[in-house]
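Peer 1: One-letter residues, chain by chain:
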Amino acid sequence: MADGAPHTEAREYEQRDSIAKHPLLPLVARGVDFGINGQRIIDDVSFWIGSSGRTVILGPNGAGKSVMLRLCHGLLKPTRGEIRWGDMSVADAREQQAMTSQKPVLLRRTVNDNLLHVLRVKGVPLGERQALVDAALEQAGLTDLGGRHARDLSGGQQQRLAIARAFVLKPKVLLLDEPTANLDPAAVRGVEELIGAIGAAGTKILMTTHDIAQAKRLAADVMFLNQGRLLEHAPAMEFFSSPKDPVAARFLAGELPA
Amino acid sequence: MRSKTNSSPTTFTRLVAALVLGVLAIASAALGEPRSIIVASTTSTQNSGLFAWLLPQFTAETGIDVQVVAVGTGQAIRIATNGDADLLLVHHEASERKFVSDGLGLARHPIMHNDFVLVGPVADAAGVRGMSEITVALRRIAESEQIFVSRGDDSGTHKKELEIWGASGFDPRPASGSWYREAGSGMGATLNTTSAMGGYTLSDRASWVSFGNKGDMEILLEGDPPLNNPYAAIVVNPERHPHVRVREAQAFVDWLTSARGQAAIAAFRVDGQQLFFPDVVPDGR
Amino acid sequence: MVRCWRSKRASERMTLCVLMRTGFRTHETIWGRRRPYDRFSNMNESPSAIGTALSMIATLDADLFEIVLLSLQVSLGAVAIASIIALPLGALIALQRFPGRRAVVILLNAMMGLPPVVVGLMVYVLLSRAGPLGSMGLLFTPTAMVIAQSIIVLPIIAALSRQTIADLHEEYGEYLRSLGCTPMQSIATLLWDGRFRLLTAIMAGFGRAIAEVGAVIIVGGNIQHSTRVMTTTIALETSKGNLALALGLGVMLLTLALGINAAALVISDTARRRYG
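Chains as they are written, first to last, in this note's numbering: chain A, 19 to 276; chain B, 42 to 326; chain C, 116 to 391.
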């Protein structure tokens, strides 16, 4: 059922969705396996995502959410199966994507220089860089902190900087791995607002979380992952009101450890 | 947007800049000036302070900078053979003549001489003090199996020592490692070794007099004619090595053999002792 | 004292400038025939190395100053050149997977223990007039010493920076890949962000260079006022039997190395506390 059912559901869901004008969509996975040292971490996962809304990969710890995200971003290669973004391979699509990780990887530089680093690597002309940096800082609410050292920021500020840095060149797709893990509620709100604003501007967001409440707040559609298997993929409203998969239902009822 | 974090890159950048400047300074220093020559010479002339005494006078008169590489005579000859020096100033006549006859150098110019001395412990267990012939003294040391430290480095002094052993009819080489110790180092290091072992050794007088760690060693035999130690200068043959600065090197030889140079050699003193005796103008005037 | 004749060499000019600025007066005995540092040689009666070192520093002998300066120039120059090559090389080996990479790492580690005399001999053979690079006329110049020391410290800096960069890459690797950095861009990022840790690798190279005698005495020739550095002076003074003087110089060398290492450690520690 992990193979057929979500696939069909997603297709139905997509047909009801009108905004599908995205160059990297649909994101299609077919029979994807991933294993390390004989241990299977992703087990025969297939899905079809056509919406440019926010897709949340939900599941308990150790479900394989982060690995799934990295497979989509091309940082890991499937041991079997295939993933494609529109008519592009994962590797080609990566140029129009950006990703942040659970613990933000910030360079040992100022906030400003962290953003400039992306622009330098991407070859943005010198004269255009600072304007882009300033816009990103403003969007992330970090305008006054440009000169601070990145590692002196609070956890929430660090995560917002990481997202701002990922978004500074307006990628078509943003992949966020547990963007609010280990943050206090106020910081979580700040990060979620930023994600909301970016998503509203038309960027496809694919993010992981183990936080049911956060998924409810952010998700347009939910992929429920458990023990490396995709058990359900459905529009958020449907998923939260009447989950079809019994494990997902138990998870939503708080009967599985988040 | 530039703020406190910039202090660290700046420190770092400065450090890098300092390093680069250092390199440039060295690079510019290495662009050799035309009026300088390299002399391959022996440790005895350098360590005694003779060059430090002579060179400023010569440079003041001619403006030519003389750079001395002080090594054993054997190595000095090899350096000159490779063309890595302009002038050779050493003390082993046979090797010098061969250097010239092999076409490696121009004429051989005798400059000065001093002598070798046999030094050993004041206690003198071999009992060579007061002897007049060096060959007899070395035989005595060998027979009593007292420690004798040889330079063992193919230097002029080493060659001389081997010649004397040859003349004495005794071959010390089989005893190498027992009482006959080959130090394989310069005169000073050999004297240090000899002092530490309480042994005997052959030294040129200049190195001995200016040696600072004599301990309980003293001169036990001197003045035997075979102990004469003549120094000569040879300009490296420019036909072999076109880069050799013949004019400057010859100017130095001319100066050394001139009345002024010879007088300067004669006037050199360590602890009130004259260490080198001019050969061209013997009385120094 | 012999230090009064005029010289056009840049390094000496530099020395003299510094001396003039510090108000240093040249020696009273212009053509006097004291050997270098004679005033210290008579300390053999009471051979206290530290005392000798202190009085050498206190009197700031011009010859000594020149020797210390050249030591620093040669060793810092060598470390600078070696770093320019070794840091990217270490980073490249840390990042790139290529056939024979393990062999390169082993070779690099082995070369950390390369005896300076062997390097000196190799450079000597190369730079000798009879050798392949003889026409450059570099033998017995500070440049030759810089070349030899660069070769000695290059493997040290490369091997240590490889480790440092590999550690940093553990952390940055995913970000750099996600960003689509070219290998060059990755290396530049890692080198810059690892700069304070890399200082430790560079200092290890400097420590080796400044303390090394085997190579510089062969390719430099220990020429007074030209290629004489602290270690070759120590060797020379030892061979002249001036043991207290040699020890005093040794104490100075140690102090200098200690001071520079301490400064580097303070810089990198402060920076690391501050910037991770």
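Heads up, a few of these hints could be off.
A few chain C residues that face chain A, going by a derived Cβ cut-off under 10 Å, partial list only [claimed, not checked]:
{"#": "1", "residue": "F180"}
{"#": "2", "residue": "F213"}
{"#": "3", "residue": "Y287"}
{"#": "4", "residue": "F311"}
{"#": "5", "residue": "V381"}
{"#": "6", "residue": "I382"}
{"#": "7", "residue": "S383"}
{"#": "8", "residue": "A386"}
To be clear, the hints were calculated from the coordinates, so they are not data collected in a lab. Positions of the beta carbon are idealized from the N, C-alpha and C atoms, including for glycine.
Peer 1: Under the criterion of a CB-CB separation shorter than 10 Å, is F180(C) in contact with chain A as hinted?
Peer 2: Where the cut-off is 10 Å and the nearest Cβ of chain A is about 39 Å from F180(C), the hint is violated.
Peer 1: Would the hint on I382(C) stand, with a C-beta cut-off of 10 Å toward chain A?
Peer 2: Violated: closest Cβ of chain A sits about 15 Å from I382(C), beyond 10 Å.
Peer 1: Does the nearest C-beta of chain A fall within a distance shorter than 10 Å of the C-beta of V381(C)?
Peer 2: violated (18 Å)
Peer 1: Minimum Cβ distance from Y287(C) to chain A below 10 Å?
Peer 2: With a closest approach of 6 Å, the Y287(C) hint holds.
Peer 1: If you take the shortest Cβ to Cβ gap from S383(C) to chain A, is it below 10 Å?
Peer 2: violated (12 Å)
Peer 1: Does F311(C) pass the interface hint, meaning its C-beta sits closer than 10 Å to a C-beta of chain A?
Peer 2: Where the cut-off is 10 Å and the nearest Cβ of chain A is about 8 Å from F311(C), the hint holds.
Peer 1: Let's test the interface hint: is any C-beta of chain A closer than 10 Å to that of A386(C)?
Peer 2: holds (9 Å)
Peer 1: Does F213(C) pass the interface check with chain A, least Cβ-Cβ distance below 10 Å?
Peer 2: Violated, because the Cβ-Cβ distance from F213(C) to chain A comes to roughly 19 Å (cut-off 10 Å).
In this structure, the earlier hints numbered 1, 2, 5, 6, 7 are contradicted, and the remaining ones agree with it.
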